[in-house]
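K.L.:
Sequence:
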Amino acid sequence: MQGGNIVTKDEEKAEVLNAFFASVFNSKTSSSPGTQPRELEDRDGEQNEAPKIQGEMVSNLLHHLDTHKSMGLDGTHPRVLRELAEVLTKLLSIIYQQSWLTGEVPVDWRLANVMPIYKKGRKEDLGNYGPVSLTSVPGKVMEQIILSAITQYIQDNLVIRPSQHGFMKGRSCLTDLISFYDKHSYRLGREWIESSPEEKDLRVLIDEKLNMSRQCALAAQKANRVLGCIKRGMTSRSREVILPLYSALVRPHLECCIQLWGPQYRRDMELLERVQRRATKLIGGLEHLSYEDRLRELGLFSLEKRRLWGDLIAAFQYLKGAYRKDGEGLFMRECSDRTRGNGFKLKEGRFRLDVRKKFFTVRVVRHWNRLPREVVAAPSLEVFKARLDESLGHLV
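According to full-length UniProt numbering, the residues represented by the sequence shown are 1 to 396, in order.
FYI, nobody ran anything at the bench for these hints, they're computed from the structure. Using N, Cα and C, we set each Cβ at its ideal position, and we do this for glycine too.
Here are the simulated DSBU-like cross-link-like pairs (lysine-lysine), alpha carbons at most 35 Å apart as the crow flies:
id, residue 1, residue 2
1, Lys281, Lys358
2, Lys385, Lys169
3, Lys119, Lys169
4, Lys222, Lys13
5, Lys209, Lys358
6, Lys140, Lys119
7, Lys320, Lys305
8, Lys140, Lys90
9, Lys385, Lys358
10, Lys169, Lys222
11, Lys209, Lys222
12, Lys209, Lys345
13, Lys222, Lys123
14, Lys357, Lys345
15, Lys385, Lys200
16, Lys169, Lys209
17, Lys69, Lys231
18, Lys9, Lys120
19, Lys320, Lys385
20, Lys222, Lys200
21, Lys69, Lys123
22, Lys305, Lys281
23, Lys345, Lys305
24, Lys200, Lys119
25, Lys200, Lys320
26, Lys325, Lys209
27, Lys222, Lys119
28, Lys120, Lys231
29, Lys358, Lys222
30, Lys119, Lys281
What follows is a set of in silico ranges between Cβ atoms, one per label pair, in the way DEER data are often shown:
id, residue 1, residue 2, range
31, Arg324, Gly121, 40 to 46 Å
32, Gly299, Arg352, 41 to 47 Å
33, Arg373, Ser133, 47 to 53 Å
34, Arg266, Lys52, 58 to 64 Å
Kindly generate the complete structure, drawing on both the sequences and the hints.
P.N.:
Written out as structure tokens, the structure is:
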């Protein structure tokens, strides 16, 4: 809509959307080349020296490009960059270094194919569209180098506190929620937090009973709504159509941060499982099979097994993986000379309340201690997942 009039031609729509997106940016916010914000200056007021862009870093980024991604308007496909990484590393390193020193970006890297994505609300309102830019692949590699330098500076100068979990590598909403609720913090600074019957934090509803039944009901309700939209909107009932839609659009509602709000009662487990049971029935040719047979036919696991699988993977991340620093205050090693077991056993705590016993950092200990030695001793997360699949293979 422009000036109260609705535009219908594609060219007019593009012009209106382009003008709106351009109005969001303000030239006053941009800094002149060679200057830095005060936050990026040393404590004595001097600006930091530009980092030396190493060829090894550029080569590593080129070799890890996703060849399935699209190219930008410059026509440089990521597969070409990946295949010719050894040849292009030195040339790109020089370009990146000069771009950093001069503050100038090659013209081709500033061109983008902008696609307006509708979010919600009235479709006639320009504010309900968000721009998604398809930019140059070499430019994206440069962005990763800049991000790495900024992140390193922030970590070295302790700009971000240890309590920060958002936008930090190796941390997520899950680590934030588990860390917070494990410590039972009831104060915000010097102010005591008043009691409340329920609160929602990072899309997870916590009520005064702490049994997570309300959250399970809300998750099942959202998942069923999306599944209903798929059923009404898709005429095809083939597994090639229904299964990817279920995995991408429905199941995330049942598993987002599930390590925190996992169901504690059998009725809540059945409530979540009923969603997947309903989804598998949508697939043509499998209606006559039992739920367990449908899962085997589709190569799926029950949600209960997936929760156990996710708990053990999260525990590995806390003990040996990306969340290791946070895991130091959540788990304790069992001090014992016994040679039986996996050799990396955790200490099981004793609690009076059943609610505490079913929290992630408590319930996962028993399952972790039962894992075979070769699973726990996995050198990486990928190897751990592969060995864990073999260990849990007898479960449906």
